[in-house]
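Colleague: The primary structure of each chain is shown beneath.
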Amino acid sequence: MVWISLLIASFSLMAKELPKFLTKHPMQSIRYISADGRYAYIQKKPGVLGLVSSFRSIDFISEASTNDFLVKDSRFKERLLIEVIPGNHQEFNVMKHPKIMVVDWGKTQLRQIGQGLASRLHFNDEWVSYYDNIEKIIYLQNILTEKKFAIKLSPKSNNFYIPEVEMVSNDTLVYTDVNDKGYAALIQHNLITQKGTVIYKSPQIGTKLELCQDKGYLAIGEFPFDDISRSSKVLRIKLSGGTNLAGFETLYSSSDSDLGNMVCRENEIYFIKTLLHNRKINLKQTEAVRLDLKSTQVTTVTDLSTVSQLISMDGRILIPFRGDFYVLEGEANLTDDKLKSPTGNNEELPLDI
Amino acid sequence: MSPRFWPNPHFKILGTALGLCLSFYTSAQTTPLATPSSVNYPGILESLEKLIQIDNTKFSKKNELLLKSGKNSTDFTTVSSIEVDPDFLNSIILHSDPGYIRLASIGKCRFYDSIINDLLKNSEGKIKNVFVTFVNQNKERDSALIPRKDFLARVVNQECPETPKLIDQFQVKNLDQTIRSTNFEQPSGRDQCRNIYLEWLNNSKTPYFCKLHEFMKETRLRSGDPKDLPQRQAITKILEQKLNITQRDYLENICQNLENEDLFCEEFLNVSFWSKVASGVENKIFGEDICRSVMNSPNLSDIQLKTCLGRLKKESDLCLYPGGRSQGILPSPQCDTLATALNYSSLRSDYLDCPASSDQQAVTNMGRILLNISKEPLAALNGPCSAISSGVTYDFNDKFNNDENWKLEACYEDRLAEKEVCQKIFFGSYGNSPQSYNVVVADILKRTRGADTNIKCEMVDSEDYNPLMLTYKSGCFIIYERSKCFISQCKHKILFNDRPIDFIKIKNRATLEYFATNVNDERFSQNYILTRDYKQNGRSLNNISGIVAFFKKKRDGIIHGVGCAEEILPSFFKVKAMNQCTPLPFIIDGMIRENDKTVFVTRTGVDSLQAPRLISWSLIYSAVKSYQNAHPLRLWTLYGLD
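Chains as they are written, first to last, in my numbering: chain H, 743 to 1095; chain W, 614 to 1255.
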């Protein structure tokens, strides 16, 4: 048995017992909940999405009972994306195109955007991107002006490939692509000239590129896919508001086959690291780690053995694990029954549907 | 493997096993040569080299002494207690392959068999003479040197009566019968492999089979005495006619790994899956699409395939991005991991079902389960190869009166009846199914366009379609775009006598309840029909001990279930929102346990049928648990079918 554990020198272990996430709502029904728990988008019954705040509850989407919902936010907290997934338990298609809608944060007035995969809000929540895997096109749409761009990916990429997209300025976005040989690349696309430039090409096949962004930087993670033994790294490009994406620094590099699934924050990046790997039977011990952006020190922050995903939601970082959610960052207990007084107009639910 | 001069772990075993025939009693024999008075041993390797050096000196001096003293032609009729000389034994231990020492240490006769088959070596190389000690007429222990041939006649044949029979069995004229009666069983699990390894180790024929292996190896490497080479080549030719490539590989594996059970089993349970494909034991479908890409050749010759399969054993990245039309989610596992998974897999995989052309993984999964159970031969296919899964799954639902819930239809306006008429369909054609899209389109053309009663429609890949060819000028053709043709939707156009037909509309999608989402309609779910109507004895499995017991009871059983894609394949599907769960059906058809850890051979609905993954119980459990939370009835969706 070959157990590989090649930990970089600055790696340290500070795993603590994580609290479970507790709210007053049934956990399975929550689609989005604010950091303080005052706003929650809840699937109240099959096909019905409601907004519950301190004093009001309103059902604002009513779909077929077989449909499900996802609610996604961004660090700008201006708007939320709502995906309506048709026939969640009848149509088993991992590449299904959900209906995409936008609401202002904490509100209920819906705007239809389109249909596609992997929708994301960008750049002050004024833009939405989503992907059509059949036509292999990334769509980028301005919510205010409804201006729409279509960016065509490599026609030979695998049908199950989903690109990552980040908008770094109002005329530049970066996205990932992969060629038929399996080399991943990062492409900078100028919306004005409609031209793309490869700014990073992976030197190895069998890896994926991940992107995430926070104040002043864009992080690029290169991690291997599940069954593959490869090195991992996290790069950073400092953003100065312009379109110059040349030059990146390596924040983290390891010979371990890390899982990735990065979450970017102002001062740190969380991702999932492989601590032990029995390659013969593809068995991994994976934990969430915190990469400090100043010191570049990596610290293990969980002790769950098989962490596979991280969820960022209004500043809170959750770890889904065996049907429960553990809180890595942010308030864990939202079961406080004390009534909080409204703090301003935003607290009231507008009757706008 | 240890270097040849490394102290052998079987030294003690050999000493004990041969205790009856070997004596370390030296009082009356030729005076043993003294070890040099001072030897420096600065490091372990150097000390061992010194040992060999000492042995060489001792051996040659003793050989010289025995020859000089004329003790090479002793008449053994008047002596007793003939035993192998301990210095001779030491020399064997220091110069022989550790595997053959292990074999020789099984017992006295196995030791002799190893000598007469040239498996053991001394400082001279192949053993020509044997040093023995014996008790002479004066009741004193004396030493002598006997030619190997005499040793066989005077010692071996008398002490080991089975040896002459074995020698006879390995004469060329009897070899066919000997090979036929030998079990070259390929193990499929660790326990079985251990038993097979022990059987070979204890088998009295093993030294003789290893002799054959060494003979062929020497010829291949052109080693040994060059004068004998033409003769060896001629005999090797005969041997290669009698032993097929699998048997030769098998002998190579056992003879080279006699001292290492793990390596022996590794070859079967791991990398050697590709050898099994090369030798025809496993279907070449497992390597074809990979090798087409590796060899950059759409039509592989047998030689190209074998060359490529040889590379798969050494270059693990070659399996990541296979070519061909039937692809799953990419990258596939690396070749070594894939070979391990395939060695423990039992699901029927002798056909391509194009998961990348499926937008309904429940149908892909059900097709795999049903064909695995029925074992029926595959029917004729036309159109996208996902039609195999669609056809099999539709027929299954039709058979159990659940066709009503297959919603995908082709519709047209019946002008006579003044109403819309719809017929259930699946894209492509499979066997004689009347719901094949080809059949339905032909039927509609007969009703609406007065087409000939014998008309047949053919689905043609747009990449193969050439509008200039006369073939396409008459008749019915459905031209589909392969990259945009799935189970529920398929971009295509219909040509009837070179004219487009655009009045046939596709409605709805191929939706299926895999596990019931409400109590009233439970009987329409696929799991219910499989378990109750098709009587597959499905039972819920929710802990590891239950699954281990399931596979112990039925090694070729399969487990099917639905879990969240984000948990089963976390590097392919990233969670971006709370309670995000993309349901993904999967099949588990094998298990590997190492210490207290368990991984499963798993094919999700997006994986190629020929490329299963090894997924830990922890991920499977998490995936099913998360889906349970998302499921309207909070069902646990992992079922064993035995």
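The set of hints was computed from the structure by calculation and includes no laboratory data.
Warning: the hint list may mix true and false statements.
DMTMM-like mimics (lysine to aspartate or glutamate), calculated; alpha carbons at most 20 Å apart, straight line [claimed, not checked]: (1) W:K1104 - H:E1010; (2) H:K1022 - W:E879; (3) H:K1022 - W:D804; (4) H:K898 - W:E1094; (5) W:K1189 - H:E1010; (6) W:K1189 - H:D922; (7) H:K943 - W:D1056; (8) H:K766 - H:E805; (9) H:K889 - H:D922; (10) W:K1097 - H:E877; (11) W:K1187 - H:E820; (12) H:K1022 - W:E1207; (13) W:K1189 - H:E868; (14) W:K1189 - H:D846; (15) W:K1189 - H:E820; (16) W:K1187 - H:E991; (17) H:K1022 - W:E677; (18) W:K1187 - H:E805; (19) H:K898 - W:E1076; (20) H:K923 - W:E928; (21) H:K898 - W:E874; (22) W:K824 - W:E853; (23) W:K1104 - H:D874; (24) W:K1106 - H:D913; (25) W:K1189 - H:D874; (26) W:K1189 - H:D1066; (27) W:K1210 - H:D1045; (28) H:K1022 - W:D1209; (29) W:K830 - W:D731; (30) H:K838 - H:E805; (31) H:K923 - W:D804; (32) H:K1022 - W:E1094; (33) H:K898 - W:D1074; (34) W:K1189 - H:D913; (35) H:K957 - H:D913; (36) H:K819 - H:D956.
To be clear about the criterion: a stretch of chain W counts as covered by chain H if any three or more of its residues have a C-beta under 8 Å from a C-beta of chain H, and this derived list gives those stretches [what the hints assert, rightly or not]: (37) 705-718; (38) 1182-1195.
Because the structure is a prediction, the values reported are computed rather than measured.
By construction, the Cβ of each residue, glycine as well, lies at the ideal position given by its N, Cα and C atoms.
Colleague: With reference to the structure, classify each hint as holding or not holding.
Modeller: Right, here's what the structure says about each hint:
1. W:K1104 - H:E1010: Violated, at about 46 Å.
2. H:K1022 - W:E879: With a Cα-Cα distance of about 10 Å, the restraint between H:K1022 and W:E879 holds, given a limit of 20 Å.
3. H:K1022 - W:D804: holds, 17 Å
4. H:K898 - W:E1094: holds, 14 Å
5. W:K1189 - H:E1010: holds, 18 Å
6. W:K1189 - H:D922: Measuring from Cα to Cα gives roughly 26 Å; hence the hint is violated.
7. H:K943 - W:D1056: violated, 53 Å
8. H:K766 - H:E805: violated, 25 Å
9. H:K889 - H:D922: violated, 31 Å
10. W:K1097 - H:E877: Roughly 8 Å between the alpha carbons, so the hint for W:K1097 and H:E877 holds.
11. W:K1187 - H:E820: violated, 23 Å
12. H:K1022 - W:E1207: Holds, at roughly 10 Å.
13. W:K1189 - H:E868: holds, 19 Å
14. W:K1189 - H:D846: holds, 19 Å
15. W:K1189 - H:E820: With Cα atoms ~17 Å apart, W:K1189 and H:E820 stay inside 20 Å; holds.
16. W:K1187 - H:E991: violated, 25 Å
17. H:K1022 - W:E677: violated, 53 Å
18. W:K1187 - H:E805: Distance ~25 Å between W:K1187 and H:E805 Cα, so the pair is violated.
19. H:K898 - W:E1076: Holds, at roughly 14 Å.
20. H:K923 - W:E928: holds, 15 Å
21. H:K898 - W:E874: Distance ~45 Å between H:K898 and W:E874 Cα, so the pair is violated.
22. W:K824 - W:E853: holds, 14 Å
23. W:K1104 - H:D874: At roughly 15 Å apart (the allowed maximum being 20 Å), H:D874 and W:K1104 satisfy the hint.
24. W:K1106 - H:D913: violated, 39 Å
25. W:K1189 - H:D874: Answer holds: W:K1189 to H:D874 is near 18 Å, not above 20 Å.
26. W:K1189 - H:D1066: Holds, at roughly 16 Å.
27. W:K1210 - H:D1045: With Cα atoms ~18 Å apart, W:K1210 and H:D1045 stay inside 20 Å; holds.
28. H:K1022 - W:D1209: holds, 15 Å
29. W:K830 - W:D731: holds, 13 Å
30. H:K838 - H:E805: Within the cut-off at roughly 17 Å; holds.
31. H:K923 - W:D804: violated, 39 Å
32. H:K1022 - W:E1094: violated, 40 Å
33. H:K898 - W:D1074: holds, 17 Å
34. W:K1189 - H:D913: Roughly 25 Å between the alpha carbons, so the hint for W:K1189 and H:D913 is violated.
35. H:K957 - H:D913: It holds: about 18 Å lies between the C-alpha atoms, which stays within 20 Å.
36. H:K819 - H:D956: holds, 13 Å
37. 705-718: violated (count 0)
38. 1182-1195: Result for this restraint: holds, n = 13.
Of the numbered hints given earlier, the model fails hints 1, 6, 7, 8, 9, 11, 16, 17, 18, 21, 24, 31, 32, 34 and 37; all others are met.
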